[in-house]
Every structure is written in C-alpha cells, then in structure tokens.
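J.: Mind docking chain B on chain A? Use the hints.
Chain by chain, the residues run as shown.
Protein chains: 2
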Amino acid sequence: MAKRAKLDDFRVPFFDGGKGAKALSLADFDPSSKPFSAGSKQADRERLTAYAARLDEMQERLHAQRRERVLLVLQGMDTSGKDGTIRAVFHEVDPLGLRIATFRVPSPDEAAHDFLWRVHRQAPAAGELTIFNRSHYEDVLVPRVRGELTSAEIERRYAHIRHFETLLADSGTAVIKCFLHISKDEQRERLQARIDDETKHWKFDLADLEARRQWDDYQAAYAGALAATSTEHAPWYVIPADSKSHRNLMVAALLLRVFEGLDLEYPPAKESLKGLSIT
Amino acid sequence: MAKRAKLDDFRVPFFDGGKGAKALSLADFDPSSKPFSAGSKQADRERLTAYAARLDEMQERLHAQRRERVLLVLQGMDTSGKDGTIRAVFHEVDPLGLRIATFRVPSPDEAAHDFLWRVHRQAPAAGELTIFNRSHYEDVLVPRVRGELTSAEIERRYAHIRHFETLLADSGTAVIKCFLHISKDEQRERLQARIDDETKHWKFDLADLEARRQWDDYQAAYAGALAATSTEHAPWYVIPADSKSHRNLMVAALLLRVFEGLDLEYPPAKESLKGLSIT
Numbered sequence: 001m002a003k004r005a006k007l008d009d010f011r012v013p014f015f016d017g018g019k020g021a022k023a024l025s026l027a028d029f030d031p032s033s034k035p036f037s038a039g040s041k042q043a044d045r046e047r048l049t050a051y052a053a054r055l056d057e058m059q060e061r062l063h064a065q066r067r068e069r070v071l072l073v074l075q076g077m078d079t080s081g082k083d084g085t086i087r088a089v090f091h092e093v094d095p096l097g098l099r100i101a102t103f104r105v106p107s108p109d110e111a112a113h114d115f116l117w118r119v120h121r122q123a124p125a126a127g128e129l130t131i132f133n134r135s136h137y138e139d140v141l142v143p144r145v146r147g148e149l150t151s152a153e154i155e156r157r158y159a160h161i162r163h164f165e166t167l168l169a170d171s172g173t174a175v176i177k178c179f180l181h182i183s184k185d186e187q188r189e190r191l192q193a194r195i196d197d198e199t200k201h202w203k204f205d206l207a208d209l210e211a212r213r214q215w216d217d218y219q220a221a222y223a224g225a226l227a228a229t230s231t232e233h234a235p236w237y238v239i240p241a242d243s244k245s246h247r248n249l250m251v252a253a254l255l256l257r258v259f260e261g262l263d264l265e266y267p268p269a270k271e272s273l274k275g276l277s278i279t
Numbered sequence: 001m002a003k004r005a006k007l008d009d010f011r012v013p014f015f016d017g018g019k020g021a022k023a024l025s026l027a028d029f030d031p032s033s034k035p036f037s038a039g040s041k042q043a044d045r046e047r048l049t050a051y052a053a054r055l056d057e058m059q060e061r062l063h064a065q066r067r068e069r070v071l072l073v074l075q076g077m078d079t080s081g082k083d084g085t086i087r088a089v090f091h092e093v094d095p096l097g098l099r100i101a102t103f104r105v106p107s108p109d110e111a112a113h114d115f116l117w118r119v120h121r122q123a124p125a126a127g128e129l130t131i132f133n134r135s136h137y138e139d140v141l142v143p144r145v146r147g148e149l150t151s152a153e154i155e156r157r158y159a160h161i162r163h164f165e166t167l168l169a170d171s172g173t174a175v176i177k178c179f180l181h182i183s184k185d186e187q188r189e190r191l192q193a194r195i196d197d198e199t200k201h202w203k204f205d206l207a208d209l210e211a212r213r214q215w216d217d218y219q220a221a222y223a224g225a226l227a228a229t230s231t232e233h234a235p236w237y238v239i240p241a242d243s244k245s246h247r248n249l250m251v252a253a254l255l256l257r258v259f260e261g262l263d264l265e266y267p268p269a270k271e272s273l274k275g276l277s278i279t
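Chains A and B are the protein sequences, given in the same order.
The first sequence begins at 1 in our numbering and counts up by one.
The second sequence begins at 1 in our numbering and counts up by one.
Treat the hints with care, as some may be off.
Remember, identical chains collapse to one label, so a pair may be satisfied in a single copy or spanning two.
Claimed, not checked - With a cut-off of at most 20 Å between alpha-carbon atoms, the simulated EDC-like pairs for lysine to aspartate or glutamate come out as follows:
1. K244 with E92
2. K200 with E210
3. K34 with E60
4. K6 with E271
5. K244 with D94
6. K41 with E155
7. K200 with E271
8. K184 with D216
9. K200 with E153
Worth flagging that the hints you see were computed from the coordinates, not collected in a lab.
No experiment lies behind these values; they were computed from the predicted model shown.
In isolation and in its complexed conformation, chain A is listed as follows (with noise of 0.2 Å):
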C-alpha cells in the first residue's frame, strides 16, 4: 500500500548551518505529482472551496483578535502560477483582510538601500495577513544567474535573510514560503499558450524568455537559495505545480495548518456592551 503523503515531506530540510547536509535537489521533486490531489479535478475544486470558507474565517480572526501576523511568501518561474495561486486560494478571504505585496524591479529609491529594506516596508502588522508576491528572494537568485554577485556575497544575504526572518518570527510573525515547483515542458506549454492568445500579449515580454533559456541555472539557484533559508521558524516548501488545482489545494492546505496553530480566538465579549439597548 503507497504510503500517504504528508505535508512535511515537501518541507525543505531546516538549514544546519552548513554542516555536509547533502545538496538539495529540486530534480527529486517531481512537479507533475499531484500528492495532495483529491482524486479529480472536480473533487480538488470542492476541496479548495471548502478550505477557501475556513480561511476566511481564520483570517477574521486574525483580524479580530489583533495579535499575529501570517505572511506568506511565493517564489516560482515565469508561468509558475503566483498569480493565479493568490486569486484561486484567496477567492473567499475578505479583500479588506488581505494584502498582497508584489515585488517588481527595484525602483532607483529602493535599489538605493540594502536589498531587504522594501521588503520590511511590508511586513504584516498585528492581525494582518500579507502575501508576498515575489521577494527578498529574487534578490539572491537573480544575481547569482547573472553572476552579478560572489558567492561569498549571495551567502551574506543567505544570512541576512535568515536574521530578517528570525526577527519577523520573533515579533509574532508565523511565515510560510512557497516555491512553485513547475517543469520545464509545463512551462513551455503555459508560454505558448500566452502567445497564441494574442490579447494576452500585453504579459508577455521576450525577454521573459532569457530566464526560460537560463532554467538550469535558475534551478540550481533555487535549490541554494531554499536549501540556505528553510529555518523552523520560516521553512520552505515545494509545491509540486504542474497541476493548478493540485497546487491551490496545497498551498491552502499549508497556510491552514499555519493558521490552525496560531490559537485565533475571537476576543472575549465586553461587559460594557452586555445588555445594551440601543435607541
């Protein structure tokens, strides 16, 4: 009997301080699995809507109670479904209760400060929920493709990330990061279909297609880049994404669990208010 896969086997392994853990490989996920499938497409989509409502009620909570804060953080390639993971598992949570951060190219005033200090302009405040739609993140992996940065240099900002993250945890913040794990056949797939559609050309740049062409690199950046900042308090996972309804489905699922740990209750009745007759 296949054994049932559990959320913490697509955790990445919390860094060790570099002590010969062996690599991550990212070749030893397999992005077309659909572990957290529910059996169809269809029984995926019923799953989701339930998981949607509680997150929406978990997010009031939040709210309501005032206290943490929940941060979730997406990574993937071009086409990956950043996107469209934020509209599918957020569908049901209320607008007012969320907010999306989207991290494009540094303007001249951001790349005039250190590489996290945008990203800390974000940071969820008391009973927020914020998701971070690319981040810090690009600003390890970019540059090592380019070679723009030393590696001495990219392992600095491994820790300075990891001191950030430990920082936000320490001040309330439960993170999550999420890495959409899609192949490269998928991605061309997704690509083309962007092409062929010719109102969907105003997403599409060629240079887009410079990171296609720079995939193993990117890979292998990715791999670094996880493999030095899954901590207990900010751990990474890899959400197989070939799939969309199979990656909605467990992103939900992870940002659930995250919620369900959090201990939202909603704040006790007033006395003052007990009672009370308005006229």
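T.: Chain B alone, transformed into the frame defined by chain A:
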C-alpha cells in the same frame, strides 16, 4: 406608469460656486427605497453576480492598458455597509487588481501633515483600481460636528478637496464617490445585532454611539460636504442602503458605468510574438 429610476437621479447636483442653489437635504432621499432592485433579494444577487464578473473583466483591461486609474470613495455612517459593499461588489475581482486604502484616526505622523497628505499617497497609479474606505471627507465631517473648525475653515477644506480631486481627474483618474445612506432605525438594528452577538463585540466600542447621538449633525455635515464637492469629474451619489442587496447592486452599476466610459481595450498584439514557437 411609474417613472423608471435613473442613476443620475441620485447624483448630487454639481457645485456651482455657491450661487444660490437650494441646500441639499438628505431627507429627500429615502434610505429604504430600492430603485435599482431587480425585484427580489434573489434576483438582486443574481444580477450582482453578473455585474461582478463584468467588473472583473473591466479591471483586467484597466490593468492591461495601464493608462487609466479608477478611484471609488466610500463614505457613510457606522454600519452603513462600507466593508460589506467592498466584499460583495469586488468578490469576483482579482485580489491582485484591487487596492483598498482604509483611513482610520490619523497617526501622529499623519496628523503632523496637511489633511490631504496621507490621502494623496494612496491615489491610484496607472492601471489601478483603488477603493477609499473612509477618506479625506472624515476631515470635514468630524471637525464640523465637533465644532473644531470654523465654517470658514471648513469651506477652505472643501475648496482644497475640489482642487485635489481636479488634480486627480486631470491626471487620468476617474473618481466616483458614494454616500451609503441608511436610516437611523436601520442603524439601531444593526448596532443592536452586534451587541447581541458577543463574538461581534470586538467590532464595537461604546464611543461609536457618540456619533449616533449626533445623528442629525452628521446628516447636516454630510449634506454640506456632498453639496460642496460634487463635481462633474468627481460626482457624489447618494446610495439608498437600508437594503444591502440594493446597495451593492447600485454601487456596482455606478462603477460599471464609469468603467464602460473609459474605453478600455487590451493592448494590441505584439508583432515580435506573432508565430513565435517556444522551445
């Protein structure tokens, strides 16, 4: 045969420089009326679903074109349904395409600037749809009711608001402002419901009742502000809001009309992508 209601019947007459127009009275608008109802709550909901899907499409075009900007300002007494409107009307809009700015009591840093400073920072960028959940209008309503500003000072603030909104409009921002108009009786019921449900106490503060005691003063302050700041490029609409389903439907209809006036098209296909085959 009854005259069919038009959206513009609920538009506050444009400010004419104070040249003897008769004063606006909110009592002329019945909060419990449902002029744009589809006939029943159920029919309202179905129509709203259709509107919401259309808004989603419009928002995508707005984003794709990255030229126009849309700003919806929501104001109203406590429990008038600002939060509920946002949730219901924008349920189908991609959370990535929506930015909500909630204005609370100013922080010390905010209060150390002019009253439009924090608001200007939240103005929509090209391609953005932004909702102001409360707004700079609080800064003419509250000080007027509390007697903290002279009427000359209030008039100067009205002028500042008109100039500011003209700047936004001149820069390509479609501004639409909705006053969610509820009756004092309806507010009583909604407040009482919050008190009777102890899990809702966190939403409630005894100080909230202060504004209710000053109901008539606030109605007068709203009437004054709406009359002084309804302009062709930033009109105010009075939304009968005792019925939630009617309120949602009317706000959605107004916003759709704004979007449809913008001539939003997807950017043209890119020659460089035509016939391209991804490898």
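J.: How do K34 and E60 come out at 20 Å by Cα distance, when the copy is not named: within, between, both, or neither?
T.: neither (30 Å within a copy, 30 Å between copies)
J.: I want to check one pair: K184 and D216. Are their C-alpha atoms no more than 20 Å apart within a copy, between two copies, both, or neither?
T.: Within one copy only: 9 Å inside, 65 Å across.
J.: Between K6 and E271, at a C-alpha cutoff of 20 Å, which is it: within one copy, between copies, both, or neither?
T.: neither (44 Å within a copy, 47 Å between copies)
J.: At most 20 Å between C-alpha atoms: does K200 with E210 qualify within a copy, between copies, both, or neither?
T.: Intra 19 Å, inter 52 Å, cutoff 20 Å: intra-copy only.
J.: Within a copy, between copies, both or neither: where do K200 and E271 come within 20 Å Cα-Cα?
T.: between (56 Å within a copy, 13 Å between copies)
J.: How do K244 and D94 come out at 20 Å by Cα distance, when the copy is not named: within, between, both, or neither?
T.: The answer is between: 17 Å across copies meets 20 Å, while 22 Å in one copy does not.
J.: I want to check one pair: K200 and E153. Are their C-alpha atoms no more than 20 Å apart within a copy, between two copies, both, or neither?
T.: neither (38 Å within a copy, 51 Å between copies)
J.: Under a CA distance limit of 20 Å, which applies to K41 and E155: within one copy, between copies, both, or neither?
T.: Classified as neither; 41 Å inside a copy, 60 Å across copies.
J.: How would you classify K244 and E92 at a CA-CA limit of 20 Å: within, between, both, or neither?
T.: So K244 and E92 pass the 20 Å test inside a copy (18 Å) and across (19 Å) alike.
Violated hints, listed in ascending order, are 3, 4, 6, 9; each of the other numbered hints is respected by the structure.
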